[in-house]
Amino acid sequence: MKDLAQHALNVAEVAGATYADIRIINDESERVEVKDGQVGSINRGTSGGFGIRVIANGAWGFASSPKIEKAEIERVARLAVKVAKASALLKVRDLELAPVEKYIDKYVTPHKKNPLEVPLEEKIALLLKTDAAMRQVKGVNITESRIAAWVEDQLFASTIGSVIEQRLVQCGGGYTATAVKDGDVQYRSYPCSHGGQWESNGYEMIERLDFAGNAGKTAEEAVALLSAVQCPSGEKDIIIEGSQLSLQIHESVGHPLELDRVFGSEANFAGTSFATTDNLDKLKYGSDIVNISSDPTCPMGLGSYGYDDEGVKTHKAELIKNGLLVNYLSSRETARVIGKNSTGAMRADGWGNMPIVRITCINLEPGTKSLEQIISETDDGIYMASNKSFSIDDRRSNFQFGTEIAWEIKKGKLGRMMKNATYTGFTPQFWNACDAIAGPKDWKIWGTANCGKGEPGQTARTAQGCAPSRFRKIKVGVVPGKK
Amino acid sequence: MLIDKNQAHDICKRALSFAQEGQAEVILTQTASPLTRIANNAIHQNVETSDIDISLRVDLDGRSGRATTNQFDDESLKELARRSVNAARAITSKQELPPMMGPQQYREIPAFDQSSAFMEPEQRAEMVLKAVKLARQEKVELAGLVNNTLYATAMANSNGLFAYHNMSTLRMELTARSGITAGRFAQTARKAGEIDPEKIAAIAIKKCLGGLNAKALEPGDYTVILEPEAVTTPLMFLSYLSFGALAVQENLSCLSGKLGQKLMGGNITIHDDAYHPMVISTRPFDYEGMPKKKVTLIDKGVVMGPVYDLKTAAKDNTGTTGHGLPQPNTYGPMPGNLVLEGGIASMEDMIKSTKRGVLVTRFWYNRVVDRKIPIITGMTRDGTFLIEDGRISHGVKNMRFNQDLVEFFNNVETLGVPESQENMVVPPLKINNFHFTGLTEA
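From first to last, the protein sequence lines are chains A and B.
Per the working numbering, the very first residue in the first sequence carries number 1; after that it's consecutive.
Per the working numbering, the very first residue in the second sequence carries number 1001; after that it's consecutive.
Keep in mind that the hints were calculated from the coordinates and are not lab data.
Where a beta carbon is used, it is the ideal one built from N, C-alpha and C, also for glycine.
Treat each hint with caution, since some may be false.
Stretch-level coverage of chain A by chain B, calculated; a stretch enters the list once three of its residues show a Cβ under 8 Å from a Cβ in chain B [said to hold, decoys possible]:
| no. | segment |
| --- | --- |
| 1 | 147-159 |
| 2 | 349-362 |
Far from chain A by the CB rule (all over 10 Å, computed), these chain B residues [claimed, not checked]:
| no. | residue |
| --- | --- |
| 3 | Leu1016 |
| 4 | Asp1053 |
| 5 | Glu1079 |
| 6 | Gln1095 |
| 7 | Ser1115 |
| 8 | Glu1126 |
| 9 | Ala1182 |
| 10 | Arg1184 |
| 11 | Thr1188 |
| 12 | Leu1212 |
| 13 | Asn1251 |
| 14 | Met1379 |
| 15 | Arg1381 |
| 16 | Glu1388 |
| 17 | Asn1398 |
| 18 | Pro1418 |
Partial list, derived from the structure: chain B residues whose beta carbon lies under 10 Å from chain A [as the list claims (entries may be wrong)]:
| no. | residue |
| --- | --- |
| 19 | Arg1083 |
| 20 | Gln1114 |
| 21 | Gln1123 |
| 22 | Leu1129 |
| 23 | Lys1262 |
| 24 | Gly1265 |
| 25 | Gly1266 |
| 26 | Thr1377 |
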């Protein structure tokens, strides 16, 4: 395979490429779903192919194919150069890339049990047991659960001389109970919504989650939500639970700090960013206690890996330091423009797509207090948990989130359960309203398995680490609920 | 290279031949989608991609397993069959599975054109160059894409069913930008010659320049005029939240319990019609190999019924409408080609008749807030304007909405002339009491 990769680079250079890289990939995946006491579906997938990215005449070209054969690799390498030359017909300047070292290396996601080698029977049994526990709760109408896994074997080679082999192992799952009554539909998910928890990890992460042990409580909460009070409208201090805060970080820190969208590359689709580069080292993005970094070296983070898809070795990079914007998620091309090195955030969805800047594993550093302490120090607030809806404008400023469940906080104590909780705000104002972050005991990395960006559309698996945090005077209850 | 009917038949036949137990079904999908992407008046991504997906379902005595691959040599197809069978065997209790049907008759839908299926990167660059030339003259920056796509889909099963369809499209989208102001226009066609880069650029640029120095509008209830691209948003949400039979059966749909009742305004008639001459992205069969039927979902505001697949149809003691997804699945059937009947009003007529309102080009980041009602939220984007006294007076900053979709389709005052929007056909709409709940700075 390495010989084929080297041959592709040679053919590209002969055809006129001044830089080339190739990724030869085999993706294996599996998804098992159970719904209402039956196996809903099982799908075992495999997808193999290669993508060649080149610079010719100072512009990018990319071509890919599922057929990993010498003649096809030659055709696709030449096609990538032809595409680059067509790109060069409309360029502002020749591409320049931040430097990268040459690496000959191998990386494997730390894991114990390859999730694809765990028998299907075991996964099905666990999901059926979980489903049965949910369905024992009176008032639950629909029960759904799933386990999914991905194992990607990748060979990267570039004309810089790097040859990097990676095996990325990822898996996760979760479940949802739905209760329906009198036109009201309420959900509860475990351990969080959007399919569950996802990690770069082996099957041991599924075993750790104790699916069946949490099923009854999850289902009971779904039913209880039907008779819970509506989230009120007004300004409140809110404490946001970890998985919900993870999505908040994803949407209002991760995406606005992708340097390609800052430079307008996503203007036609995913949008741009309010955090333009004139704000670098100037914008008070959050309060003094807000420290956020990109760290794809983090164990278990779904957005963790050894090298990005242009051969940059992963490392920790501070993005927001003591509330100040100090860096972006970047690629070699975009980092060069701001005079920095790449943060190693360039990733592609499989072999058939050109890498773009993606959220990696971005972490809000933990604070010092416990969640219990933060709640006890909140006089009049709401504790919101598990995402139900999320929307943010195309400059990543105005957002609105809804959560599956919330609880009133009165005089330092959790009180009544609330349904249809929503909150809204503007990104920098919101993060500047953060006055408490829970400590390491409550800190966790949450995975996002379906982050969309790019044209053609690409899906990335990302992660955000955080602990529950408090935000002062946030507008809540923005959507009129059912009477 | 397009996989033609004979080649598809051969691959399907070989895949089925390796599944030597139970019943088997294969779905083959070929996609080639070269795309030239621009930003800041330059090409910044340019890709030539293609792939084939072969998905094999094996049913063994009421237990179903599926496996997929993108390789179609004999060894890969044998492994595909082995994995499908193993998946089915792993299931210990029987599933409620729809049957695999025998041969069906399909209507021909001519949806393939060489001019959009096969384009050179230089041809796409030439289209972009024409647009950027205009943008430079007007001192704005263009972002966007030119994307020519070829699809082929084939289905076969061990009961002798075989279906094949191919289609191609060319899409050009342009977003003109000046500072934080943007304007957009997009078009899709089957024939490359029907896409006019200069026209698309001119509209996007006009919107951008017309929106400069946008003013903030107080959130509240407004009369809105939605361009066709904006109208696809509420329909797309109804499509997957409400118009499928499983959602209705599970009591999750706004149609649940409302069959034969008036739910929407008397001026609202919605069909699913894969054969409508203005639908561009279409196919005459579903993922169970069943012929798609034209289905009237809402007739003059009255609920006529959802779309069905074989499983949900059996439960309601009716026939499938040909809207199934690959089986078994947990989502149920969904419409694929919604057609909202329109009227005769032009956009200009609607603007002239509006004392005060908001013109919306499109919505963005739309998400479900309430599953059943349903309520969705999102933002306006790429061209939002205030209308005063029958004319566009100025651009307004983008606004957040939270909107009950049934209420939305009860508040439609005027329907314009329908336009093609890839897989849908929709008119522009004038709607009263649309709920804007927040705004942003751009």
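Okay, the hints, checked on the actual structure:
Interface restraint, the segment 147-159 of chain A with chain B: violated (0 residues with C-beta to C-beta distance below 8 Å; minimum three). Note: the segment 349-362 of chain A has 4 residues with beta-carbon separation from chain B under 8 Å; the three-residue rule is met and the coverage holds. In this structure Leu1016 (chain B) is separated from chain A by more than 10 Å, as the shortest Cβ-Cβ distance comes to about 18 Å. Not every Cβ of chain A is farther than 10 Å from the Cβ of Asp1053 (chain B); the closest lies at roughly 8 Å, contradicting the non-interface assignment.
Consistency note on Glu1079 (chain B): stated as away from chain A, yet its beta-carbon is not over 10 Å from all of that chain's, at 8 Å minimum. With a minimum CB-CB distance of about 5 Å to chain A, Gln1095 (chain B) fails to clear the 10 Å threshold, and the non-interface call is violated. The beta carbon of Ser1115 (chain B) is kept farther than 10 Å from every beta carbon of chain A, the shortest such distance being approximately 18 Å. The beta carbon of Glu1126 (chain B) sits about 8 Å from the closest Cβ of chain A, which is not more than 10 Å, so the claim that it is off the interface is violated.
Against chain A, the non-interface label of Ala1182 (chain B) is violated: not every CB pair exceeds 10 Å, the least being about 7 Å. For Arg1184 (chain B), the non-interface assignment is contradicted: its Cβ lies about 8 Å from the closest Cβ of chain A, within the 10 Å cut-off. Distance check on Thr1188 (chain B): its Cβ is at least 14 Å (rounded) from any Cβ of chain A, clearing the 10 Å threshold; non-interface status holds. Here Leu1212 (chain B) stays apart from chain A, with its beta-carbon at least about 16 Å from theirs, past the 10 Å limit.
The non-interface label for Asn1251 (chain B) is inconsistent with chain A: the shortest C-beta to C-beta separation is roughly 5 Å, within 10 Å. The claim that Met1379 (chain B) is not at the interface with chain A is violated, since a C-beta of that chain comes within 10 Å of its own (minimum 4 Å). Against chain A, the non-interface label of Arg1381 (chain B) is violated: not every CB pair exceeds 10 Å, the least being about 5 Å. Against chain A, the non-interface label of Glu1388 (chain B) holds: every CB pair exceeds 10 Å, the least being about 24 Å.
Its beta-carbon lying about 6 Å from the closest one in chain A, Asn1398 (chain B) breaks the requirement of being farther than 10 Å from that chain. For Pro1418 (chain B), the condition that its CB be more than 10 Å from all CB atoms of chain A holds, with the nearest at approximately 25 Å. Residue-level restraint check for Arg1083 (chain B) holds (minimum Cβ-Cβ distance to chain A is 5 Å; threshold 10 Å). Among the interface hints, the one on Gln1114 (chain B) is violated; its C-beta lies about 19 Å from the nearest C-beta in chain A, farther than the 10 Å criterion.
Annotation: interface hint on Gln1123 (chain B) holds; nearest CB of chain A at approximately 9 Å, less than 10 Å. At a threshold of 10 Å, the smallest CB-CB gap from Leu1129 (chain B) to chain A is about 6 Å, leaving the interface hint in force. Proximity of Lys1262 (chain B) to chain A is violated relative to the hint, the smallest CB-CB distance being about 17 Å (cut-off 10 Å). A distance limit of 10 Å between C-beta atoms decides the matter here; for Gly1265 (chain B) the minimum to chain A is near 21 Å, and the interface restraint is violated.
Because the smallest distance between the Cβ of Gly1266 (chain B) and any Cβ of chain A comes to about 23 Å, over 10 Å, the interface hint for this residue is violated. The beta carbon of Thr1377 (chain B) is positioned within 10 Å of a beta carbon in chain A (closest approach about 5 Å), and the interface hint is therefore held.
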